[in-house]
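Novice: Next come the chains, spelled out residue by residue.
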Amino acid sequence: MATTSSSGFARTSGASGTGTVLGAELTVEGEISGNEPLQVEGTVKGRIAVTDTVTIGAGAVVEADLEVREAKVAGALTGNVSASERVEVGTEGRLIGDVRSPRLLIAEGASFKGHVDMDV
Amino acid sequence: MAQSEMCVIGPGIRINGRISGRNALAVHGQVEGTVSLEAALRVEEGATVVADVEATTVVVRGALSGNVQASESIRIEDGARVIGDLRTPRLSIAEGAIFKGSVDMDVSLPPVQTTEG
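If you read the protein sequences in the order shown, they are chains B and Z. Be aware that the first sequence starts at 1, since it is given in the numbering used here, and climbs by one per residue. Be aware that the second sequence starts at 1001, since it is given in the numbering used here, and climbs by one per residue.
Calculated from the structure, these hints are not laboratory results. As the structure is a prediction and not an experimental result, all values here were calculated from the model. Positions of the beta carbon are idealized from the N, C-alpha and C atoms, including for glycine. Any given hint could turn out to be false.
Claimed, not checked - Pairwise CB distance ranges (calculated): (1) Ser1073(Z) with Lys45(B): 25 to 35 Å; (2) Leu105(B) with Ile1083(Z): 18 to 28 Å; (3) Ser84(B) with Asp1085(Z): 42 to 52 Å; (4) Gly1079(Z) with Glu92(B): 36 to 46 Å; (5) Pro102(B) with Glu1095(Z): 34 to 44 Å; (6) Ile96(B) with Arg1018(Z): 50 to 60 Å; (7) Lys45(B) with Val1103(Z): 32 to 42 Å.
To be verified - Some residues of chain B that are not near chain Z, with every Cβ distance over 12 Å (derived): (8) Asn80; (9) Glu85; (10) Val116.
Assemble the whole structure, with the sequences as input and the hints as a guide.
Specialist: As structure tokens, this is what we get:
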């Protein structure tokens, strides 16, 4: 098992290996809610409200508003993001939308268009 | 990603809407809406699925409410609770499973032998 997932982010050690994974060939239209880590490698349209970490994988296409604890964007995300802890846009990440989060990390190479509110 | 790779919807996740695609899917959480897969679906123990389902094979160990169409087979295991109409060429229902609905196995039965005439 590689230490780096296909999402482009290293897996947090100690995190349960399973969690929810929506694969590259899966499309969800609607609302996803819950309280455990979610990894999207496919397509999601709608809304994601998860009180944990949501990872948008490198090949993922997400058109949704996010209400999460932490968002890691390695793929393409169009929508507003509200995170209670942090938002991270990876080197290959593409984010179009407004971000509301106490911490925001934008890696070199990432593309981002939108407003930022760090709520200070 | 290989078509056979299993996706998981964890026990803490609820999806309200439409799920479609070619990845096999194991549901431990809650799904409401429609599920349309060109792959296998597993409704695991503890899962609640209220949806019309289309898949190749469907295995149910949790609660499934909705009409199910499987191109290959449906397996309802011990402890499962299924309410809805099933349409599939192959069906098994284990002892201990609860099922309410109709079944269409879509087989052409041999013509009734009549001795008249």
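Novice: Check the non-interface label on Asn80(B): least C-beta distance to chain Z beyond 12 Å or not.
Specialist: holds, 19 Å
Novice: With d taken as the least Cβ-Cβ distance between Val116(B) and chain Z, does d exceed 12 Å?
Specialist: holds, 28 Å
Novice: Since Glu85(B) was said not to touch the interface, does its Cβ keep a gap of more than 12 Å from each Cβ of chain Z?
Specialist: holds, 18 Å
Novice: Does the Cβ pair Leu105(B), Ile1083(Z) satisfy 18 to 28 Å?
Specialist: The hinted range 18 to 28 Å is violated for Leu105(B) and Ile1083(Z), with Cβ atoms some 47 Å apart.
Novice: Measuring from beta carbon to beta carbon, are Pro102(B) and Glu1095(Z) in 34 to 44 Å?
Specialist: Given about 55 Å between the Cβ atoms, the range is violated.
Novice: Verify the CB-CB distance for Ser84(B) and Asp1085(Z) against the hinted window 42 to 52 Å.
Specialist: Since Ser84(B) and Asp1085(Z) have Cβ atoms about 43 Å apart, the given range 42 to 52 Å holds.
Novice: Quick check on a hinted range of 32 to 42 Å for Lys45(B) and Val1103(Z), using CB atoms only.
Specialist: For Val1103(Z) against Lys45(B), whose Cβ atoms are near 34 Å apart, the range 32 to 42 Å holds.
Novice: May I ask you to test the hint 50 to 60 Å on the CB atoms belonging to Ile96(B) and Arg1018(Z)?
Specialist: Since Ile96(B) and Arg1018(Z) have Cβ atoms about 23 Å apart, the given range 50 to 60 Å is violated.
Novice: So does Ser1073(Z) sit 25 to 35 Å from Lys45(B), Cβ to Cβ?
Specialist: Cβ of Ser1073(Z) to Cβ of Lys45(B): about 31 Å, so the range 25 to 35 Å holds.
Novice: If you check the beta carbons of Gly1079(Z) and Glu92(B), does the distance land in 36 to 46 Å?
Specialist: holds, 44 Å
Hint compliance for this structure: hints 2, 5 and 6 are not met, and every other hint is.
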